[in-house]
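Colleague: Input sequences plus hints: build the corresponding full structure.
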Amino acid sequence: MGARVFTALVGTPLALLVGWLGGLPLLVATGVLVLVAQSELVRLLRDFTPHRGTVYAGGLILIASAYFFGERFPGPGFAGVLVVILGAMVFFYPRFSPQVAAGTLTAVFYPALLLYLFLVRGLPDGWLWLLVLLFGTWAFDTFGCLVGVRLGRIRITPELSPKKSLEGLVGGIVATILIVQAFGYFLLGGIAYDLLFLGAALALAAQVGDLAASAFKRPAGAKDSGTLLPGHGGVLDRFDSLILTAPLVYHFVVLFRMS
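For the record, in the sequence shown the residue sitting at position 245 is 245 according to our numbering, with numbers rising by one throughout.
Okay, the calculated beta carbon distance ranges per label pair:
1. L9 <-> P219: 29 to 39 angstroms
2. L9 <-> R95: 45 to 55 angstroms
3. K163 <-> M258: 31 to 41 angstroms
4. A102 <-> R72: 18 to 28 angstroms
5. C145 <-> L14: 20 to 30 angstroms
6. V28 <-> P76: 12 to 22 angstroms
7. R52 <-> L14: 26 to 36 angstroms
8. G53 <-> V28: 15 to 25 angstroms
9. V32 <-> L9: 16 to 26 angstroms
10. I156 <-> F256: 22 to 32 angstroms
11. R43 <-> A192: 35 to 45 angstroms
12. L17 <-> L211: 24 to 34 angstroms
These aren't lab readings, by the way, just hints derived from the structure by calculation. Don't be surprised by glycine CBs; every beta carbon is placed ideally from N, CA and C.
Modeller: Printed below as a string of structure tokens:
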């Protein structure tokens, strides 16, 4: 418990500082998280035998694409990675089989969604939207856990994550909506009905991200994805929710606030 609290006390201000700085410091920090998370996922997907070197190459391609292309990086970045992996399957078959290609694609793309943190920061009022993203996601994780521990009775995924409850999900959704609305009121110019939608959608995305990480860990017989963060496990353990909430917030702003 002490290690968990210490990591949170050190990591949270550091994350906020890097987010506030934005630009290259945020891209470098996010890129490191992506590469570490890819390494963790390669280990968890060992039955699919993803090719570790190709996974790292794909991660570096996406990080470089984010640097050079900014908000347009998903197109050229994902296309470039796809060409590399499918090319490897064609020229190195059968050693680089379709199963290896599938595992490699998953290990590249899933953690790389964290690069949307960099894209959110680059939006108009990006620092404020990054705060909405971070505190909304943290609110769901924190209050969902607290409500689930105290009131949880109905299990929503007993085979995948036995501790996850419907009561915890509802508590997390309510907390996330309130946090998002609070940021909207004090920082983004008042209460807006579209932020009600964002809060609920963000909470659901956070829950799916959490459960997706569990789905990767359970077949591998792993409790944690890694050991990098004392008391929290690995990068995938701590950032699993943000893998889905970051793209959600980015596309919400682009579709509903910039159109």
